[in-house]
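Trainee: Residue strings, one per chain:
Number of protein chains: 4
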Amino acid sequence: MERKSGLKWGQPVSYRVIYGDTDKAGVVYYANYLKLFEIGRTEWMRDILGKPYRELENSGILFPVVEVYVRYKAPAGYDDLLTIHTALKDISKVTLTFYYEIKRHDKILVTGNTKHAAADTTGKLTRIPKEISLGIKNL
Amino acid sequence: MERKSGLKWGQPVSYRVIYGDTDKAGVVYYANYLKLFEIGRTEWMRDILGKPYRELENSGILFPVVEVYVRYKAPAGYDDLLTIHTALKDISKVTLTFYYEIKRHDKILVTGNTKHAAADTTGKLTRIPKEISLGIKNL
Amino acid sequence: MERKSGLKWGQPVSYRVIYGDTDKAGVVYYANYLKLFEIGRTEWMRDILGKPYRELENSGILFPVVEVYVRYKAPAGYDDLLTIHTALKDISKVTLTFYYEIKRHDKILVTGNTKHAAADTTGKLTRIPKEISLGIKNL
Amino acid sequence: MERKSGLKWGQPVSYRVIYGDTDKAGVVYYANYLKLFEIGRTEWMRDILGKPYRELENSGILFPVVEVYVRYKAPAGYDDLLTIHTALKDISKVTLTFYYEIKRHDKILVTGNTKHAAADTTGKLTRIPKEISLGIKNL
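Chains as they are written, first to last, in numbering that gives the first Met the number 0: chain X, 0 to 138; chain E, 0 to 138; chain F, 0 to 138; chain R, 0 to 138.
The shape of chain X in the complex, shown without the other chains:
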């Protein structure tokens, strides 16, 4: 399913806001959207790449985050049923960039990007393995 040229979208994932996600303003605390982004890209990998991130890790390749951008347009409230929409936005020899939209029904509440560098288990930056980059280019 493609919605924007160049973006490879995964299946939306549902998330119900709990008390623990909110703050005293009655809305989701700003840091917690980064957890929703994680849920989104994990399920993207499982669904689209066909590999849980856990398996990538076990094979010795990690994708630590190097950059995050978030745009907060409207707040999500307690007990709201959100959907997390995740797309691969960009792939280079050493980085992956994901794009996210957090929605309540059709309304976009929050958008963002996360950029990840490929690294081995010692933390050393490395090239994205061919198996993964080819898999992604063939999507």
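Rather than coming from a laboratory, the hints here were simulated on the basis of the structure. In this text, all values refer to a predicted model and were calculated from it rather than measured experimentally. Honestly, I wouldn't trust all of these hints.
Since the list can't tell identical chains apart, any single copy or any two copies may satisfy a pair.
[Said to hold, decoys possible] In silico DSS-like links for lysine-lysine, alpha-carbon gap of 25 angstroms or less:
no., residue 1, residue 2
1, K129, K114
2, K34, K114
3, K114, K102
4, K92, K72
5, K72, K114
6, K72, K102
7, K88, K72
8, K102, K136
Please build the complex by placing chains E, F and R on the supplied structure of chain X, with the hints as guidance.
Mentor: This is chains E, F and R only, laid out in the frame that chain X set:
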């Protein structure tokens, strides 16, 4: 204390990393730096503006976040003693932008910005009250 | 569905463990099970009581927690698919007590109780409204 | 400093409540007190035992939590300056039990216990090393 032209720095704040901040990679989970940013700007307001954010809220003015950018340069680990350095980077008629550096000793681990819009208690965007903007310009 | 005398069980709820739930020991951080308990009792209320907690709040009745007990038998790991099993264990004139089991497949990893007191919106303790207590007794 | 027979108290630790700790009820979310307990026992170990938990880990001995009990007497609010009081309550051949009081000024808001089992790095339960248990008995 000024370190860059145009930046109004507050006092650094110390933070000791706990287990609950880390993730299975053994380092601080990427969302948790946004809590450190909150600690930083809260203490900036208390120290530099001379007003706890709590008092601003009580007087009917809120500063919800509208944008966040984070750059992760190196990971912070368990039990690391970090310092949070916070500066006001920009002020417009309706927004405040803070800049942050998270350090371990002299090493910068993470940097970021948060942009906040002035709003009243109903969530309606509003001008930053003169009392605050003048106070900031006179820093 | 009853599995133990006196316990009124709701439908199990699934939860997939994310990186953000884990700590450097590679397992779910001990505080985060309390979020799973919240998910469990919220869905119990929605399903069994037929009232989202949000509606109870809106009608002026809150159930702040007064006591928590947790028994950690075995750790949950990253990407584990857990199920949260929630039962009402006890109801008095002023308190509700829930019992929880967190499982991976058939294995019980964590159990716990939370006890909640009925309060009005000012925080004053109050009797559980008849409408709710009768509804529960008729389950 | 002893305040109750049999309890070995450490120095109180200060903690300032942030937005990210609170929930939509305007008070600290119930799970977050377990992070304060962690801060308390970590500083207890550093101060009283003279060994950061990090060093115990590095020497191959872990203390995963097996049981938690929390009693919520009164809520802590945003920007409250809390103190975390931690004492060793009990030591057996294989477990340590800590007791906590979270206070605002002299008022006790929350109390609790955490029980920890000694384990090696594979997770296998083990005896508490003599060096530690003797150190504790001589306090």
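Trainee: All hints, please: hold or fail.
Mentor: Results for each hint:
1. K129 with K114: within (19 angstroms within a copy, 39 angstroms between copies)
2. K34 with K114: both (15 angstroms within a copy, 20 angstroms between copies)
3. K114 with K102: Both: 21 angstroms inside a chain and 21 angstroms across chains, each within 25 angstroms.
4. K92 with K72: between (32 angstroms within a copy, 19 angstroms between copies)
5. K72 with K114: both (21 angstroms within a copy, 12 angstroms between copies)
6. K72 with K102: within (11 angstroms within a copy, 30 angstroms between copies)
7. K88 with K72: both (20 angstroms within a copy, 22 angstroms between copies)
8. K102 with K136: neither (27 angstroms within a copy, 38 angstroms between copies)
Checked against the numbered hints above, the structure violates only hint 8.
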